[in-house]
Amino acid sequence: MASATPPRSDHSGSFDAAASVAETGLNGSNGTLTGKTESSDAPVANAGHTQPTTPKWDASQRAVLQLDPAQHATIIGAPGSGKTELLIQLYHDRITHNGFASDEILVLSPTRLSATRLRDQLDARMQSPSTGPRARTSTSLAVQMVTTARSLAGEPLPRLLTGASQDQLIARLLSGEDLGASARGSSQRSGEGLPSDSTEAEPTTGEFAAAHATAESGEREGNDPLGVAEHIINWPSELAADVRALQGFRNQLRELIRVCIDYGLSDEQLASLGESTGRPEWIACAQFLPVYRKALAREHPNEFDLSQFHRQAVELLHGVASGAVSTTSLGDIARLRCIFVDDAQELPRSTIELLVAFAARGTTIILFGDPDITTESFQGAEPQFLADFGNLIGGKTVERCELSTVYRHSPDVRAFLQRVTGLIGAAGWGTQRGAEAHGGAAGSVTFSTVQSGAEQSSAIARLLRERHLKPSRRPAPVPRASGDEHLSAQRPSVEDGAVPWSRMAVICRNRAQATRVAESLVALDVPTAIAAGGTILREHNIVRDLALIASVALHQAQIDGVSLNRLLRGPLGGLDHIGLRRLRAALLHEERSAGGKRTADELLLDAFLAPGGFLLLETPAARLAERLQRVLERARQSAETRGSIEDILWAAWSESGLSAVWEKQALAQSGVVSDDAHRQLDAVVALFYAAQRYEERAPGSDPRDFLNLLMLSDLPEDTLAAHAAADTVTVTTPNGAIGQHFDLVVIPGLQEGVWPNLRLRGSLLGTEQLARLSEHPLHAPPASANGDGIDERRLVLHDELRMFAQAVSRSNGDVVAVAVANEDEQPSRIFGLAPEGSEKPLPSGALSLRGMVGELRSRLEFELEQHPEQGKAFADAAPETAALALLASNGVTGANPESWYGILAPSSTEPLVDLARPEATVSVSPSRLESFETCELDWAINSLGGGSTNTSAGLGTLVHRALELEPTPNVPALMGHVDEAWSTLSFDAQWDNTRMHERARQMVIRVAEYLVSFEREGGTLLSAEQQFAVAFAHVQLRGAIDRVELYPDDTPGSAGRVVIVDLKTGNPAVTKNTVNENAQLSAYQLAVAAGGLEGIPADAQPGGAKLVVVSPDRSKTFVSIPQEAFDTEQLAVFQERLSEAATGMAGATFHANTTSHCNSAFSFGQCTIHTVRPVSFR
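Heads up, the sequence shown is in UniProt numbering, so the first residue is 1 and it goes up one at a time.
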């Protein structure tokens, strides 16, 4: 289980294991020596670059190093001016020369990843050991302070409330519930709309997601489990229930909660601001906050979000300063004399308040940053903090230092960055933008446009591959001036030669875009790693399937036909569409041989639920289905022994055997298969980490609560699970790139409306306006909460440009900006900043390993055609053959001739039916006859198990069934039959379910209108869905007719006219002029004439046939398309047509109709894939 369940970490101090979620640098720091044994002059580690052995500094940098150890300072420098290296050197000097102990100085970094990298760099620089992490996040510091204080006071240890848990709690408070209404009517329906205490499963999302959305243990009593029914919340009309149900609303509500905590706003103050500024949503939120806090205290006792941890840490420092709290409550933190902060422009209000409290205590604060490259303004970062730090700490002297030279960038890149940052608000500084490039770096800025997103991916893939394979041609670094005391080696050097994958990055605006780009690059054989935040676990198939198995094992959900089909096609089942179809066909064959009439869905479900249900089937698909049975059984056994959710999930995972399979794929292969295996394994590890944290926070709780939380969460799940270091291209966001440098940075997606995205953030609840209105020197209140006097979009544009500047600044060498330009998308205004001459086309994306295979195969085939007389000898000697052999030996898809379409001999050349045998017959279905005549290949694929179904076809089946069961024009009764079987359909989203249900209702109305017309004409129903079988020579015509109707006839002695009715829920391409050629209706008439139907009066006359079309797309009512009654000659002609088609169906070769079917965008056939031109086509 070690491979899937991460080890629990012990940390220094009195940390709770769950609290370590917030820790960035505590792993492995339990009082052990983390320093290295290098000398004090050891090189500073910096992302793999060559480092100086004897650091020397320019004048502006020396001024920083000469600061008084007790002096507060703000060090501002443009990207690449050496801020982080100065911080490391200053840290070294404080300990080595100024007498600081390692536990008296601390370095903070804004993100966990950047803190980890900085910690490693500090460890590499120092000789002396440390008793704890040298660098960490402010969150880990706050957690340690609060945990230590509560531990020494004998109070329960705190735990971190994850964003996912907070979001799920808020969703429960908001979903399907008007708290104001429920409170006002509590006497009649106490707690209505709130989660109940019932232990009965009531799924609301997917198969089981919200079966027990509230705690269902008997420990919670009463009809108001959250204890909030007495609160009245007057949400404004524009924030109706459907708006409050959105993930975006919950995100903004969580942000408003953060702002209130960070700025110390009480509920009364929030409501007062709402009244004075005309913001009713703030008044409603002020009413909601006590509801939220009460529910949080009850549902998540001793759990706090990040802002709450920071607020408690600040109050702890204030208490110590006032004497109300003992200094011993601070633990080791009481010894802190100095705090360094890297990338201080990313700090939110909560961290700022913590630093201010430390400064008031006498701790020296030294800030390093550049407000021009802030990436988290949308999440509360305050770039102006660097300029206003002195005011915040009571007017104490803060030394302002500015770095004068940039060593990372070439003059071209530096000039471009100056152009970008020149458009950004100065945030109280701005003079750092004048720093010039040292001149020793090489690098360029390129702007390119492409025609589509697919072309963007392929062009980027080729660019990355070329840089990886081809040596770069760059000018030699400019020699340093003799008087310059700063080593050119201080900045990472860009050397000639191929660029490792890990030295290249693609920086996207947001996580969703980064995920899409990474997937597309992997498909183009570029190894990638996403460094853009956590993952939403339920988005992974393996997580959803394991959760469903656990839910069934816990009797929280039941396996039905839809969920079973999904499980069998998922990772745990291992079947593809063809395999599942073969399994269903095998079960159906056994059933029909035994005379049974169950459907394939019923047979599959019955076999799965019955022990040994697949034993009689000797097929690979049956063995995989049995494996899924064993997975469920192991999970059930664990659940029956009252195992934890971790135990149940592990039982299912270990039985699946996927760990070894995916591990082999991840390590032994490259490309799409390997990357998918990595993603799946990462998702499984993250799932077990989430389950472990849940167990640690709520020991002995109901495992079903975890499944509810998992499947309802819409937020990424973070994890401390280690990721294997590999030579891969980093795909990340500007925030994820903090602290990293690359030789090549590609910035895609610079379309108008995408980057910059000028949509106002927090517009629903006005969180940014609320922050500005809060009483604080950093925020001068505007004239009103709506931002009068403030250009909101200009502020958003500045934040977007800051993120772009951060992305550009991560490059040590070249920067490539890419946008899609076509009729629908245009490059953004950022392209207007392109330096003169920088707009150049990217090379064609055709260069890929798969593209190379196609090119080599095409060349080889062409050469063979030119030298047919030499044949195999020529092919063996061709250089293309040797190249293909090399690619094949490395596992490149398509290079091995064994995988080439048309190379291998057919598995069989025998006909489907040997008509030479006298007893041979060909079974022909009227509904499939026209399909064969349209395209033989498409008919063969569908008939032999390669076809597929869809929701529209399933909907048609339900309408046919309703017409069969209800022959009267009763719309409610007809619709009732549809609703009875509605659950057999599967939909991807609720809106699609609603749309299709309305479509079904419209069809039913048209069916009823037809039945009214039928009764008005005096029709009599002879049969519905009557099956028939008629033999003609070697043809057996068999099928079922929707309706056989009898109408009055004026012919003397006639019992009436017999009319065949075929109901169409689709929109057939049949008109009154072409209906006589319709094969299906013609076959029905032939069957009636041959006496194949029962119940037809002997003296009745043939009345022909008709299509009854009830599709809403065709008309506002039903459409009847009659086919005339065939005479003897017409029936004979059609019988010949039937015989000819049957002979073709019995054959061994089936032709593709490429003229009017296979290549048509509107045929929707299965044959298109077989008509795609080969890769060798010229």
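The hints are simulated quantities; they were obtained by calculation from the structure and are not laboratory data. Worth double-checking, as some hints may not be accurate.
[To be verified] Each computed DSS-like pair below joins lysine-lysine, with the alpha-carbon atoms no more than 30 Å apart:
hint, residue 1, residue 2
1, 1116, 1072
2, 597, 664
3, 597, 1116
4, 1064, 1116
5, 872, 840
6, 1116, 1106
7, 840, 470
[Said to hold, decoys possible] Per label pair, the in silico range of CB-to-CB distance:
hint, residue 1, residue 2, range
8, 451, 245, 32 to 42 Å
9, 1018, 1113, 29 to 39 Å
10, 898, 523, 42 to 52 Å
11, 1122, 601, 29 to 39 Å
12, 864, 1027, 32 to 42 Å
13, 619, 908, 50 to 60 Å
Glycine included, each C-beta is placed from N, C-alpha and C at the ideal position.
Right, here's what the structure says about each hint:
1. For the hint linking residue 1116 to residue 1072, the alpha-carbon distance of about 18 Å falls within 30 Å, and the restraint holds.
2. With a C-alpha separation of about 44 Å, the suggested pairing of residue 597 with residue 664 is violated against the 30 Å cut-off.
3. Under the criterion of a C-alpha separation no larger than 30 Å, the hint pairing residue 597 with residue 1116 is inconsistent with the structure, at around 38 Å.
4. Distance restraint check for residue 1064 and residue 1116: the Cα-Cα separation of roughly 15 Å lies within the 30 Å cut-off, and the hinted pair is therefore satisfied.
5. Restraint check for residue 872 and residue 840: not satisfied, since their Cα atoms lie roughly 45 Å apart, outside the 30 Å limit.
6. This hinted pair checks out: residue 1116 and residue 1106 have alpha carbons roughly 19 Å apart, not beyond 30 Å.
7. For a cut-off of 30 Å, the pair hint linking residue 840 to residue 470 stands: about 19 Å separates their Cα positions.
8. For residue 451 and residue 245, the Cβ-Cβ distance of about 39 Å falls inside the hinted range of 32 to 42 Å, so the restraint holds.
9. In this structure, residue 1018 and residue 1113 meet the distance hint of 29 to 39 Å, their C-beta atoms being roughly 31 Å apart.
10. Evaluation of the 42 to 52 Å hint for residue 898 and residue 523 yields a failure: the beta carbon distance comes to about 22 Å.
11. At about 35 Å, the CB distance of residue 1122 to residue 601 agrees with the hint of 29 to 39 Å.
12. The beta-carbon spacing between residue 864 and residue 1027, approximately 55 Å, falls outside the hinted interval of 32 to 42 Å.
13. Between residue 619 and residue 908 the beta carbons are some 18 Å apart, a value that contradicts the proposed interval 50 to 60 Å.
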